[in-house]
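Chain by chain, the residues:
Number of protein chains: 2
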Amino acid sequence: MSGSRTIAIAGATGAVGADMIKTLEKRNFPVKDIRFLASKRSVGKKLEFRGEKIEVEELTADSFKGVDIALFSAGASRSKEFAQPAIDAGAVVVDNSSAFRMDQNVPLVIPEVNPEDALKHNGIIANPNCSTIIMAVAVYPLHKAKNLKRLVAATYQAASGAGAAAMEELREQTSNVLEGKNINPEKFVHQIAFNLFPHIDIFLDNGYTKEEMKMLNEARKIMHHPELQISCTCVRVPVPRAHSESLNMEFENEITPEEARDILSSAPGVIVKDDIQNNIYPMPKDASGIDEVLAGRIRQDCSRNDKRGLEMFVSGDQLLKGAALNAVQIAELLI
Amino acid sequence: MSGSRTIAIAGATGAVGADMIKTLEKRNFPVKDIRFLASKRSVGKKLEFRGEKIEVEELTADSFKGVDIALFSAGASRSKEFAQPAIDAGAVVVDNSSAFRMDQNVPLVIPEVNPEDALKHNGIIANPNCSTIIMAVAVYPLHKAKNLKRLVAATYQAASGAGAAAMEELREQTSNVLEGKNINPEKFVHQIAFNLFPHIDIFLDNGYTKEEMKMLNEARKIMHHPELQISCTCVRVPVPRAHSESLNMEFENEITPEEARDILSSAPGVIVKDDIQNNIYPMPKDASGIDEVLAGRIRQDCSRNDKRGLEMFVSGDQLLKGAALNAVQIAELLI
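Line by line, the protein sequences are chains A and B. Quick note on numbering: the first sequence equals residues 1 to 335 in this note's numbering. Quick note on numbering: the second sequence equals residues 1 to 335 in this note's numbering.
Check before you lean on any hint, since a few could be wrong.
A pair holds if it fits inside one copy or across any two, identical chains being indistinguishable in the list.
SDA-like, lysine to any residue: derived pairs with alpha carbons at most 25 Å apart [to be verified]:
| hint | residue 1 | residue 2 |
| --- | --- | --- |
| 1 | K149 | E252 |
| 2 | K144 | L216 |
| 3 | K149 | C302 |
| 4 | K273 | I183 |
| 5 | K144 | L178 |
| 6 | K307 | I202 |
| 7 | K273 | P185 |
| 8 | K273 | A145 |
| 9 | K273 | M213 |
| 10 | K149 | Q229 |
| 11 | K210 | I335 |
| 12 | K307 | I276 |
Hints listed in this document are in silico derivations from the structure and should not be mistaken for laboratory results.
Construct the entire structure; sequences and hints are all you get.
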């Protein structure tokens with residue numbers, strides 16, 4: 001390999017790990033050497049990178065010698081265990097888990113929103129939660145122009161957010177339901193085939209889930225907007241890999257749908273799909289496999305008597321912009 | 001049959017028609033005679049009622065002689081064409097279409113909300129839109145206690161809302177996607193299998209769909225609350241027959257989640273499913289086939305600094321409470 005950086009991917013065999021590999025390839029990331037790390041049971045498995053088969057190694061505290069950038073997507077507990085050894089070995093950690101996101105010493109970065117924060121790191125840069133990223137990429141440009149005060153969100157979150165095995169569970173369970181077979185949920189707490197449920201991550205004392213509160217807490221940090229108010233309902237739906245979100249926004253200043261479409265048309269990472277005459281609007285099927293967040297159904301909130309409210313619907317690939325792509329973009333900021 | 005009323009069902013071969021028949025049976029409606037009406041191509045088909053096979057007749061202006069109550073679920077254009085002939089023949093029409101809902105001379109009734117309006121009819125009583133019914137059954141008791149000012153809704157609407165053929169399209173298309181076959185959407189404008197889209201009914205000039213504005217206009221009429229503000233996003237999801245809705249409510253008076261649960265525990269037509277410690281909350285799978293609307297995930301809106309906001313998630317069977325059951329309940333008010 002002809003690049004300048006040695007990369008490690010912790011959690012290389014997972015759904016996000018697979019897309020990190022593809023994204024590094026696709027974006028011609030200057031990789032000199034790459035190391036695929038995972039738990040013991042994946043050791044010896046071979047993954048391809050730029051046509052080369054590379055054996056998966058066990059993720060240990062000794063995995064990071066010579067590594068410049070370590071992309072972590074192996075869950076919060078592994079991030080907590082192995083981020084420091086990686087830093088001690090000289091790597092910068094880009095962490096996709098929730099382990100460090102709200103740590104004051106750790107920047108939380110969406111390159112389209114707050115790239116400058118990435119450079120203030122102390123060894124770790126956190127990748128935000130998928131639904132936060134997909135919302136913020138589309139909402140931040142509007143906030144910058146008109147000052148967002150309050151957001152009411154309802155999400156339509158794909159199976160991929162729960163990992164590769166959950167995506168397979170959706171597929172297999174759906175097939176079993178169609179054949180009239182008994183089903184046995186494993187990765188999800190309830191049947192996901194032809195069903196949905198308002199439960200992602202654990203419940204907190206205020207009745208919200210942790211996933212729902214991430215939208216508020218992470219958005220405040222990323223947007224440097226501590227007064228922002230958000231109420232969110234996160235719902236898992238039987239869709240493979242792209243999240244959608246219905247967003248009701250209240251701004252300090254007036255904003256029309258036309259202005260919003262103009263702003264988003266030139267915003268990075270967003271494609272405006274908003275041609276209702278031709279049945280064009282964001283859908284997870286169209287957002288799957290692409291880098292951009294799709295934004296549409298933009299209209300003036302009819303429940304208000306002023307022009308400070310907008311409705312918008314967005315879809316974004318959970319594994320790409322919601323995770324792997326955002327992490328690789330952060331790594332690009334480090335070069 | 002031993003009852004006192006002659007009933008006609010216009011649209012008896014549709015998804016809602018089938019559930020009207022089942023609901024009349026299940027609730028021991030006092031049926032003396034029953035007539036199944038449909039379009040020409042269904043004539044001669046036999047449907048069962050209380051163990052008796054009854055032949056489907058063609059829906060014409062002459063179909064209603066001797067009929068006491070005509071339940072219409074054959075689409076708005078047929079309602080417009082055949083409601084008057086039915087009235088002229090002496091029947092009271094309970095109409096499931098959107099044809100007469102906003103007509104000032106036609107009551108729009110949810111028996112749990114405004115049963116008294118049913119008695120003020122001039123021959124027609126309209127059945128509200130499915131998503132309006134499912135919302136209002138759960139929200140009206142809270143409104144009565146605390147005065148609802150504004151509602152922001154995002155829906156998760158089942159295939160059944162588009163009819164029996166659409167339910168079959170979801171099933172068959174899902175099977176085809178799993179087998180890697182090409183798919184060809186017919187009843188839906190886009191692929192519904194493993195996908196979703198924010199588009200139900202036609203688009204209006206304000207950027208909302210007609211379905212979304214029904215939630216506002218119908219709720220104002222049913223609740224006798226002309227100042228009520230609603231902004232709604234209606235989304236079709238790959239679920240067979242129960243709608244879900246994420247509801248963000250703003251009240252004039254303070255209301256806590258505990259109060260809301262108390263109020264809904266004794267409200268007609270609602271089952272509170274709100275035990276997050278045990279992963280119990282409304283889901284379309286559990287709402288399918290039952291009469292009640294499930295309400296849960298009730299929590300204080302964390303985006304407000306007062307106690308005037310609540311979040312709630314509801315699921316209800318689109319074909320039963322959203323259509324057939326509500327129509328039969330209206331018919332019961334006429335006895």
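Here's how the hints hold up against the structure:
no.: 1; hint: K149 / E252; result: both (6 Å within a copy, 21 Å between copies)
no.: 2; hint: K144 / L216; result: within (17 Å within a copy, 31 Å between copies)
no.: 3; hint: K149 / C302; result: both (17 Å within a copy, 13 Å between copies)
no.: 4; hint: K273 / I183; result: between (37 Å within a copy, 23 Å between copies)
no.: 5; hint: K144 / L178; result: neither (47 Å within a copy, 43 Å between copies)
no.: 6; hint: K307 / I202; result: between (37 Å within a copy, 24 Å between copies)
no.: 7; hint: K273 / P185; result: between (35 Å within a copy, 20 Å between copies)
no.: 8; hint: K273 / A145; result: within (20 Å within a copy, 41 Å between copies)
no.: 9; hint: K273 / M213; result: between (28 Å within a copy, 22 Å between copies)
no.: 10; hint: K149 / Q229; result: both (6 Å within a copy, 19 Å between copies)
no.: 11; hint: K210 / I335; result: neither (33 Å within a copy, 51 Å between copies)
no.: 12; hint: K307 / I276; result: within (21 Å within a copy, 37 Å between copies)
Violated hints, in rising order: 5, 11; the structure is consistent with all others.
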